[in-house]
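Enquirer: Here is what each chain is made of, one letter per residue.
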Amino acid sequence: MIILFLCAMFMPMPRLLRWNMWLVLVFMIPYLAVAQEEYHYTGPLTIGTYQGTADFYYFQSAQDSLLDGSFRFKSLDAADLLTEKSDLLSVSGQFSEDVPVGLWKIQFGNFEPGGETSIVNNHYQIDLTGTQSFAEGRLSNGKPDGQWILKKERIESSSVAEVLFNSSIYFQGGIPQQNFRIENEQMTLVGRFLRDGLAHDQWELYGIERAGPIERWQFEEGRLKQLIIMNPERVSVYPIFPQKPEQSTIIRMDERFMELVRLNQMMARPADSLQTSEVYTMLRENADYYREMELIFSEISSTAFAADFRVQVPYFAINNDEQLQLDSAIALTEKSLQRIRMLENSQLQLMKLANKDVMFLASVMDSINHKYIVPLNKLTDYEQANILEFTDRRELTEFLGLAADSGKPLTISIAMDNEVQTFTGPTSTYQPEPVTSMTPALKIAHNSFLSLDSIGKILEQKLTQRQREQKLAILEEQLVVTVNELSIQADSLSAEAPNDIARAIRETEARAQQYLREYSNGDNSGNKTRQAQALITCFEQMSELSLLLSGQPAQWAEIQEAYTDQVWNPFTATVMEEEIKKHILTAYRSVLMPYILQSIESGLTCDNTQQWVILLEKVHLRMNEMVTEDTKRLERKLKRERDPEVVLELIGIQNSRQ
Amino acid sequence: MKYTLFVSVFLLMTCLHNPAHAQERPEESQLEDPVSLLWINTYGNIRLSNRLFWIAQTHFRFQETETTPFAGQIAQIYNRHAISYLFSKSFVASFGGVLRVNFNTSTAETDKNAVPEWRIWHQYKFAMPVSRVMIYHRIRIEHRWSKGFDDDSEYIFRNRWRYMVRVRVPLNKPKLGPQTLYVGPEAELIMQSGKAVVDSPMEDLRLHTSFGYILNPRLTLASGVMYSIGQELEDGAYYKQKWTLRFHVYFSPDLRQVKYKLPAIHMNE
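Sequence lines, in order, name chains A and Y.
Just so we're aligned, residue 1 is where the first sequence starts under this note's numbering, counting upward by one.
Just so we're aligned, residue 1 is where the second sequence starts under this note's numbering, counting upward by one.
Read the hints as simulated data drawn from the structure, not as lab findings.
Hints may contain errors.
As the list claims (entries may be wrong) - Mimicking DSS-like on lysine-lysine, the simulated pairs with C-alpha atoms at most 30 Å apart in a straight line are:
id, chain 1, residue 1, chain 2, residue 2
1, A, 471, A, 528
2, Y, 147, A, 582
3, Y, 242, Y, 147
4, Y, 175, A, 582
5, A, 582, A, 356
6, A, 582, Y, 173
To be verified - Residues of chain Y placed beyond 10 Å of chain A at every Cβ, according to the derived structure:
id, residue
7, 41
8, 45
9, 202
10, 217
All values reported here derive from a predicted model rather than from experimental measurement.
Each residue gets a CB set at the ideal place from its N, CA and C atoms; glycine is no exception.
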């Protein structure tokens, strides 16, 4: 519009009119500057997996649509509930320039029609059954502010049958404050926070079936001093961070913190390890509900909604050298584990029983694994859990048995048959620089790997040797089986074959037996495996050849049939069979086949067996092809030809034997 | 017309009449002395299409003279042609014509030495395989116009009714095929009718056995001896006898193009 207006002004027109138009433009400027017009939207909207209807206000800013004003969403169509199980999501709240503010209510769950239906005051009522969760509280600048209540209830016949979960936490600017209370159907956790959100004082967990607390976490300004678990039988006290550390940091009360708690508890009391903490279970459940809410919020705005419980833990900064050495130790541990995995090899396990050396080396490997690799692997786990920077690494390596490096090659003694055998690992001059808390662990990882690698190589060699022997044994067995099969086959085939073919078939057997004798009397220093393999292949080919030879009479019959034409003789009124292309048939019958059979009989070797097989197949194929070909010239040439090589060439077969 | 026919028959009887029995009719039938003959026959059966064949036969028939038995003189040259239709492997019908040239073999003086004889013929042949033996029944009907050797001789018309049973027994092979030697006994009765036929309806009874060799499906050679007996036309009381030495060449080329022969297709197989 403005462009049209400007164009109009530069068009030729009376002077007075042009001045008036300039004035109009000047008055329009304030309206052009205020481009943020608020829109109202009512219609379908999808939040996550929920589809429903929404009612909200927004305005356009640059390329974005920013929510502003009230926001309402409801996913459930009440009509659906009449027939089927349905999911519900209902959200109501306020936005200010795309930031959620003010009172928010979120309700979600799933229901199905159940129980009775009734008509009350001209309304059709249907009872619902299912679960519903809801959250209610205020947000300030997108963060929880004030009391937030999260609840999950089981609904039966449209009434609350049971409160499954109930969490009530007070926030200020997103940071939990004052007292909180988290309940589920079994337990109640109460505790409090300092103004900066750090856990403080005593957090106690109560069960519905017992008087008094069942677990107590004792904090001092965010530091978990100790953890007390009160069983009916006994009270266990687990010191976690009893002393105030020199340096500390604040972290979230999450799985990482729990891992750190478990590690510290184990280092303090290795014999009585803490498996589970009900308090933590409750906190995790609470965190899960908050995460569900956060997911819904994240679909409609970029707000982070979380119960950000915080604790204070000791801090031991990891320097670069220490990290590098730690990484090296972890890499070496992984390589060591790969070596150790060979102990699972079933062949090796069998060898262990038969071979003392193997048994000893495998035991050494096992021992190194338990003594060094398992602790190193734990160190790796802690690194992966990201808790090493909150742990005194010297204490930790000492606790894991990775602090004492003697500087000598690794030695392992194994008692076998009332005798102690000692393994000494390879000597190493490896000295990582500079010395850090991780240096001893790295050296142990290095030495362990050297030992495991040297043992692994020996065992691999032994395994390979054994596998080779076994393979040869299998091959030789297969060799004998192949010869026997060939023998049986040749005997039965030659019994039914015409003389010339029978002689060639028997030759395959005789040659195979001769080869086998030469193999068994032969020099063992050569590659017997390769020899045996080659002989098996050869015998299989001979078997194929003998089968092919035995099939020659049938093939001849087939060829004869193909080369026979049916001719009607009107004088006898009979169909007479007449041989066609006689010269080709004669060349096949009287030149080629005798030549092939005699050659096999007089000069069959492993090297040419396959070539005879191929030649027989090719000749048969060509004979079948030539039936329908125009062969007049060929027949003339074949008429007097008695040289098999020339015949082969004439019929278009290259004899691969040559 | 009646007169003309009568004169013709009379003349024919006079011409062909053996003076030996130009006398009164004997009380008993008379067997004449046998005459010896030599037949050299070619039988062509040329395949034109899947079902059509061209029959082309040429026969050279010789008759004894006083000095030379069998092949003393030429008696007839025979050209028989027809088109055959193969209905099935066991039935074939043929229709065609014959031009036969008859030579005067009598000692009597005649105006002409050779005269043509015309025939229209049709034939129905049935083949019956019985085990390894083939049996054939042949019915051949001929409409024949013949005349004597004199200039004034006129054509007389007769019908011939022929039935032949023939057997072919392979000797060296289980069935008839290439390189098969066979023996072929046959018997044919030839009856005739027509105005000129007064008391001689049995023209010929031929008893013949030949030995043949099938070189290949397209060429067979055979040879045999035939004895025949039949009434003289002019006097049924007299029976002529013949001993014939026969040589046969059977050939059956296939004129179809190769593309119609392959793959080998035959009737109702």
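Enquirer: For this structure, which hints from the list above don't hold up?
Expert: Per hint list: 2, 5, 8, 10 violated.
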